[in-house]
Amino acid sequence: MRVGAIVRADDQHAREVISLAKTLGGADAATFALLAEPAQTRAGVGAVRGAVVSPDADLAELAAAVGALLGDSAPDVILIPDGPLFEAVGARLAGSLGRTAARDVASVEIEGETLRVVKGAFGGKAAVALEATGCAVLGVRQGASEAQELSELPVAMVDVPHTEPLLVQRRAVRDSAGDDLGAAKVIVSGGRGLGSKDAYESLREVATLLGASLGASRAAVDEGWATPSQQVGITGQKVAPDVYFAIGISGASQHLGGMSGARYVVAVNRDEKAPIFVAADVGVVADWHALWPELRRALTGA
Amino acid sequence: MRVIAFVKSILDPEAPPGAIRFDSGRAQGDVGQVLGPYEGNALELAAQIAEGSGGAFVAIALGGKEQETALRKALALGATSAVRVEREEGFHDPLATAREMQAAAEAAGGADVYVFGRQAGDWDQAVTAGLFAGLAGLPLVPIVQGAEVRGAALSVRREIQGGYEEGEISPPCVLSASNGPGTLLRLPKVKDVMMANRKPIEVRPAISPSGGFKVSDLRANAASRAGRRIEGDLKSQAEALAQDLRRVIPGIGGGA
Ligand SMILES: Cc1cc2nc3c(=O)[nH]c(=O)nc-3n(C[C@H](O)[C@H](O)[C@H](O)COP(=O)(O)OP(=O)(O)OC[C@H]3O[C@@H](n4cnc5c(N)ncnc54)[C@H](O)[C@@H]3O)c2cc1C
Ligand SMILES: Nc1ncnc2c1ncn2[C@@H]1O[C@H](COP(=O)(O)O)[C@@H](O)[C@H]1O
Chain A
1 MRVGAIVRAD DQHAREVISL AKTLGGADAA TFALLAEPAQ TRAGVGAVRG AVVSPDADLA
61 ELAAAVGALL GDSAPDVILI PDGPLFEAVG ARLAGSLGRT AARDVASVEI EGETLRVVKG
121 AFGGKAAVAL EATGCAVLGV RQGASEAQEL SELPVAMVDV PHTEPLLVQR RAVRDSAGDD
181 LGAAKVIVSG GRGLGSKDAY ESLREVATLL GASLGASRAA VDEGWATPSQ QVGITGQKVA
241 PDVYFAIGIS GASQHLGGMS GARYVVAVNR DEKAPIFVAA DVGVVADWHA LWPELRRALT
301 GA
Chain B
303 MRVIAFVKSI LDPEAPPGAI RFDSGRAQGD VGQVLGPYEG NALELAAQIA EGSGGAFVAI
363 ALGGKEQETA LRKALALGAT SAVRVEREEG FHDPLATARE MQAAAEAAGG ADVYVFGRQA
423 GDWDQAVTAG LFAGLAGLPL VPIVQGAEVR GAALSVRREI QGGYEEGEIS PPCVLSASNG
483 PGTLLRLPKV KDVMMANRKP IEVRPAISPS GGFKVSDLRA NAASRAGRRI EGDLKSQAEA
543 LAQDLRRVIP GIGGGA
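Chains A and B, in that order, give the protein sequences.
Per this note's numbering: the first sequence ends with 302, consecutive numbering throughout.
Per this note's numbering: the second sequence ends with 558, consecutive numbering throughout.
Hints are computed from structural coordinates only; laboratory data are not their basis.
Quick reminder that beta carbons are idealized off the backbone N, C-alpha and C, glycines included.
Heads up, a few of these hints could be off.
[What the hints assert, rightly or not] Some chain B residues near chain A, calculated using beta-carbon distances under 8 Å: (1) 304; (2) 367; (3) 370; (4) 445; (5) 464.
[Claimed, not checked] Label pairs and their computed distance ranges (CB to CB): (6) B/483 with A/287: 28 to 34 Å; (7) A/36 with B/328: 42 to 48 Å; (8) B/366 with A/143: 35 to 41 Å; (9) B/507 with A/152: 53 to 59 Å; (10) A/56 with B/491: 19 to 25 Å; (11) A/163 with B/521: 22 to 28 Å; (12) A/143 with B/472: 47 to 53 Å; (13) B/496 with A/131: 33 to 39 Å; (14) B/553 with A/182: 19 to 25 Å; (15) B/521 with A/10: 34 to 40 Å; (16) B/496 with A/73: 55 to 61 Å; (17) B/388 with A/114: 43 to 49 Å; (18) A/110 with B/450: 43 to 49 Å; (19) B/483 with A/27: 47 to 53 Å.
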């Protein structure tokens, strides 16, 4: 089976996915890259085709660029880094090619015409192994394979046909509260257990003291205390800080799935049976409202 | 505008670790069926678009009797009719699901706006809306946090990394709903819940397309860390926690 990778950013995740395509597809593997500007060479494998899309390209432009890159020779198995690119084009591309799709893919094997993938299921409580005969578009999880040393290869640039933007009069708004969680070294995250917007707001003081960014559970977002871009979890941001401090968060598997990359996890919850404790390196069973004044004193001496 | 919302009931995603057993390719346990949280956002979005445009709203679920939980909820929230495509509970290939949905949508008379949840909380696929859009050749707006009817168009707000974008789209289109300020599921009125329980649910046979993924193994993931507990009264808990935080985060509050 022919294997190809479609990538956008030139980052670790993209290099992992290209490397995986190379391992699976050998010399036939093809790389298709959405580039911010025209390039003559690029680290890649097999045929490298590139198309220019602006950093804030519209959904229609992304779809058109991917279509132009693949032309009429789409590889049988197409790998895309799971994340914003897959979200925007992956599954829709699969449907338009009449192929199946899977995301959150942790491993891929090809044996003859049989494709085997292992992916997360039940909010990360389980792993499922799936088997299919034939073609698919796969969203590959970060860390699913190792990034190999990739050599510079010439890039054949293709033109992207002009498209009307899908969302006309489009306006993008950056939400300063949440955009740096992925890179944060320390994250303080609050959940529904905080009980009120004021209590969630008080975490800003904790965050300032610890030099941390502020995250949230889905429940805290639904309460309107935090913005959706602050949500940590399988459908929020996947974070990997040195320290993750979870306050009033139960530890549902869908939340844990976003923070499992943290090096050290601290949890405060008043329920000693809360699942967050099983995912924490250190746990304090306490009412946050009672603990915080004492903790502030212990941290600041005031 | 005519709206079709695809909704699904799932085993309670907040069930504690161990409550759901994973064996022989199936997930089982003494855990209730609930409407998936993103399907809740989808229902809210569908109801708003139908209300805002004075149009009808049809809810469709594929599965066994367990899907009545989702469909009754849809009826209580204003769905004009509910359809269940008879299918065995458990894993189905998502492309086959999208094909099944196309057939059911066509039988229901089609729609201007197809609303999905961003991700059902069972097989963590998050691909069905995109597959449906691709098969049907319709545009897809993923991760929608709110929509408003503006004449013949929809003003849509969708999540992007670190923020959101807004713009207008002309149906027909496919939206996948996420949680945000514009999609918080309303509480249905008691009267509407009672009415919903009396409304009929149409049951249709599946077309059962073949091919795609099959489950070859399903197993539970082990818990990752063994937590150390900080015991004692509040003051000593706070002091021990502060000490621990100082150890792992250098330079807190000027201390070392
Ligand atoms: C498909 C899918 C995707 C999902 N994606 C995500 C995701 O990305 N991120 C996410 O977070 N969730 C996600 N969820 C939702 C998830 O299942 C939970 O509903 C959510 O994480 C619960 O948030 P919470 O822990 O803040 O709230 P709750 O579950 O209500 O927990 C509140 C906790 O606070 C504790 N508490 C109460 N009062 C106090 C106090 N005074 N002091 C200390 N502790 C207190 C309670 O003991 C409890 O443990 C997803 C669900 C599904 C189905
Ligand atoms: N069996 C089903 N019945 C109705 N809707 C479904 C079904 N499976 C998936 N969906 C819809 O597709 C969305 C995404 O599901 P998934 O791709 O399985 O995560 C869900 O939120 C539902 O809106």
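Evaluated hints:
1. 304: violated (20 Å)
2. 367: violated (21 Å)
3. 370: violated (22 Å)
4. 445: With a minimum Cβ separation of about 7 Å from chain A (threshold 8 Å), the hint on residue 445 of chain B holds.
5. 464: Check passed: Cβ of residue 464 of chain B comes within 3 Å of chain A, closer than 8 Å.
6. B/483 with A/287: 28 to 34 Å: With Cβ atoms ~29 Å apart, the hint holds.
7. A/36 with B/328: 42 to 48 Å: Because 46 Å falls inside the window, the suggested range holds.
8. B/366 with A/143: 35 to 41 Å: Holds, since residue 366 of chain B and residue 143 of chain A (Cβ atoms, about 36 Å apart) stay within the stated range.
9. B/507 with A/152: 53 to 59 Å: holds (56 Å)
10. A/56 with B/491: 19 to 25 Å: violated (42 Å)
11. A/163 with B/521: 22 to 28 Å: Violated, since residue 163 of chain A and residue 521 of chain B (Cβ atoms, about 44 Å apart) do not stay within the stated range.
12. A/143 with B/472: 47 to 53 Å: violated (40 Å)
13. B/496 with A/131: 33 to 39 Å: Roughly 46 Å apart at Cβ, these two residues miss the hinted range, so it is violated.
14. B/553 with A/182: 19 to 25 Å: Since the Cβ atoms of residue 553 of chain B and residue 182 of chain A sit about 22 Å apart, the hinted range of 19 to 25 Å holds.
15. B/521 with A/10: 34 to 40 Å: holds (36 Å)
16. B/496 with A/73: 55 to 61 Å: Between residue 496 of chain B and residue 73 of chain A, where Cβ atoms are some 58 Å apart, the hint holds.
17. B/388 with A/114: 43 to 49 Å: violated (30 Å)
18. A/110 with B/450: 43 to 49 Å: This hint holds: roughly 46 Å between Cβ atoms.
19. B/483 with A/27: 47 to 53 Å: holds (51 Å)
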